[in-house]
Amino acid sequence: MADQTLDTKGMNCPLPILKAKKALRSVPTGGTLEVLATDPGAVKDFAAFCRQTGNELLESNEHGGVYSFLIKHTA
Amino acid sequence: MTDAAMNEDSLDNAKSMSLIVTKGTLDWGYPPFILATTAAAMGLNVSMFFTFYGLNLLQKKLDLGITTLGNPGMKMPMMGMHMGMPNMLGMIPGADGVATGMMKKLISKKGVASIEDLREAAVDSDVTMIACQMTMDLFEYKLDDLIEGPELGGAATYIETALKSDINLFI
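As they're listed, the protein sequences go chains A and B.
For the first sequence, this note's numbering gives the first residue as 1, with consecutive numbering after it.
For the second sequence, this note's numbering gives the first residue as 1, with consecutive numbering after it.
Pulled out of the complex, with its shape left as it was, chain A reads as follows (with noise of 0.2 Å):
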């Protein structure tokens, strides 16, 4: 389970990114965020913004169409 769960469905480009930069504000260090989202752009740009910002993709799922991320703040 996550510490934190946003849910971004619905919502198109750039506001899941941009909801889950700023959930991870209050997720401490190390803990985690699970974002669900049904924008299928989603996959690239959480792995993208994953790797520029150094928090860790720890999973990248789908299912039904919904698509789960759950994200390790590290950085």
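For the record, the hints were derived by calculation from the structure and aren't laboratory data.
Zero decoy hints are in this set.
27 Å max Cα-Cα, derived DSSO-like pairs, lysine-lysine: (1) A:Lys9 with B:Lys110; (2) A:Lys22 with B:Lys109; (3) A:Lys22 with B:Lys110; (4) B:Lys105 with A:Lys19.
Restraint-style ranges between C-beta atoms, simulated for each label pair: (5) B:Asp144 with A:His63: 47 to 55 Å; (6) B:Met78 with A:Lys44: 24 to 32 Å; (7) A:Asp7 with B:Gly90: 36 to 44 Å; (8) A:Gly64 with B:Ala156: 49 to 57 Å; (9) A:His63 with B:Gln133: 50 to 58 Å; (10) A:Pro40 with B:Ala156: 38 to 46 Å.
In this text, a Cβ means the ideal position worked out from N, Cα and C, and glycines have one as well.
Position chain B relative to chain A; hints supplied.
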């Protein structure tokens, strides 16, 4: 090293992006604000230079529109198909208003952020905004007409920033 010192250090070493924003319509307002807010979220230092019609995006009260004129690439989804916007349409009084209304409806239906929200996010994430002094003068705008935050600058200010930036875009 203290945490604060480390943060400052990493901020100095951060990548950076500069944008020249020249257009002030509802559609063209998106790319600069989307890229600026996303880059800021990814840890970049971002500077936006607003010049000519781009200054329209800094007005306190935004009144952005689109025009159907001269844009054969604009195909709006309508009744299950995509409809082009012939130039003739633009001659009908109120046509641009209708097109703008359609676009705004699509924007909210598709979960796309409003320009106002993206602009606020840019201000909140400390994006540097420079308003071009020459075009401010040309169009008789005062800093007072703009939102809080933008500073006045000119071409030299931009060139200096661009020289230090990893990404430079003209939109």
